[in-house]
Amino acid sequence: MSLADRLVFKSTEFPDGLVGVGKAFPRMENGVVLMHEAYTKSAVPNVVILPLGAKAPISASLWPPDSVVVSVFDLSARRDHTAVAVTQAVNASEQRAWLTMSLDASGKVVSQFRTNPYAALHVAVNDAGNIWTLGVDYDAKGHKADYNILREYSQDGRILTTALPRSSFATSLEPATNKGGLTGRNLLRAHGPNMAAFMAQTHEWIEVSPAGRVISRVKVQLPSRAGYRAPVRWWLR
Amino acid sequence: MTDDGGVFLQLAGFSLCKLDTASGACGTVDAPEEILLGASGNDLLLYNSLAPTQVDWVHQQ
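As given, the protein sequences belong to chains A and B, one line each in that order.
Position 167 of the first sequence, counting from 1, maps to 167 under the numbering used here, and the rest follow consecutively.
Offset between the second sequence (1-based) and the numbering used here: plus 237.
No lab work stands behind these hints: they were computed from the structure.
Incorrect hints may have been included.
[Unchecked claim] If you want a taste of the chain B side facing chain A, the calculated C-beta under 7 Å gives, among others:
| hint | residue |
| --- | --- |
| 1 | G243 |
| 2 | C263 |
| 3 | T265 |
| 4 | G275 |
| 5 | N279 |
| 6 | L287 |
| 7 | A288 |
| 8 | Q291 |
| 9 | V292 |
| 10 | D293 |
| 11 | V295 |
| 12 | H296 |
[Said to hold, decoys possible] DEER-style ranges, computed between Cβ atoms:
| hint | chain 1 | residue 1 | chain 2 | residue 2 | range |
| --- | --- | --- | --- | --- | --- |
| 13 | B | D241 | A | F113 | 31 to 37 Å |
| 14 | A | A92 | B | G264 | 51 to 57 Å |
| 15 | B | D241 | A | G53 | 22 to 28 Å |
| 16 | A | S106 | B | T265 | 37 to 43 Å |
| 17 | A | F113 | B | E270 | 38 to 44 Å |
| 18 | B | Q291 | A | G192 | 24 to 30 Å |
| 19 | A | A211 | B | N279 | 24 to 30 Å |
| 20 | B | D241 | A | G17 | 30 to 36 Å |
| 21 | A | V68 | B | D257 | 45 to 51 Å |
None of the values given here were measured: they were computed from a predicted structure.
For each residue, glycine too, the CB sits at the ideal point set by N, CA and C.
The task is simple: from the sequences and hints, build the whole structure.
Below you can see the structure in the form of structure tokens.
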């Protein structure tokens, strides 16, 4: 018997082929389902936004000029269905640009900014408009300094806030599930007016106020009979 | 996360637990066969990979 078997009270249809085996796992927030391709080699649609109840999804192609490969790491949507994606674009000389790209409700890219040497791997946006990210500072990583960073940007790319998760300190990170390890993914979500990150490697929850103050740090005690030691998904609205 | 402040984690194997953000305790809520997609209001949204053309709304109690 499943939770859904007992308590489901309505169902919403998805377009055929939107989710399923071989597809990236969807993210749902603010009444939309968000999908993205992890890796594309041409300017094909690599982002899909489906407002719940809509008959057809919105597709977008995130493909900066001179790119030969684009990876979409994460995607987040606001209540007005505008969205922000964090990406990596590589050119023919194998130069990398870590780009944060804003989309309007039709899926059109309306602005972008580069964050090198910081790679934003996860993103969350709230109605206030600023962009929160969780990622890696590769300059700091090269110097074996703290490198897992929570960073807030304005919509035009100014750094507003930086915070370090506790797990940045002297932690040997395990490989994630998609690298052959058991560790789940780090995640970043809006939690009311706050931003909250889950650091899968250390089971750490960190929550930051809109002013950038860390208001919560806690070690998550997972159920002892879990199939694996780490969550593979952690969901906020 | 639901509007009433609940934070839910789904573990590999589908176990679902609810996080106490003050203590870090995450007590098992259920072991659904479905995959947790997100929340809307205080309802959880789940889908089954065997029926990927619909999402089911579940009252969180």
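Status of the hints after comparison with the structure:
no.	hint	verdict
1	G243	9 Å, violated
2	C263	6 Å, holds
3	T265	5 Å, holds
4	G275	3 Å, holds
5	N279	9 Å, violated
6	L287	9 Å, violated
7	A288	9 Å, violated
8	Q291	5 Å, holds
9	V292	5 Å, holds
10	D293	4 Å, holds
11	V295	5 Å, holds
12	H296	5 Å, holds
13	D241(B) - F113(A): 31 to 37 Å	36 Å, holds
14	A92(A) - G264(B): 51 to 57 Å	52 Å, holds
15	D241(B) - G53(A): 22 to 28 Å	23 Å, holds
16	S106(A) - T265(B): 37 to 43 Å	42 Å, holds
17	F113(A) - E270(B): 38 to 44 Å	42 Å, holds
18	Q291(B) - G192(A): 24 to 30 Å	29 Å, holds
19	A211(A) - N279(B): 24 to 30 Å	27 Å, holds
20	D241(B) - G17(A): 30 to 36 Å	34 Å, holds
21	V68(A) - D257(B): 45 to 51 Å	47 Å, holds
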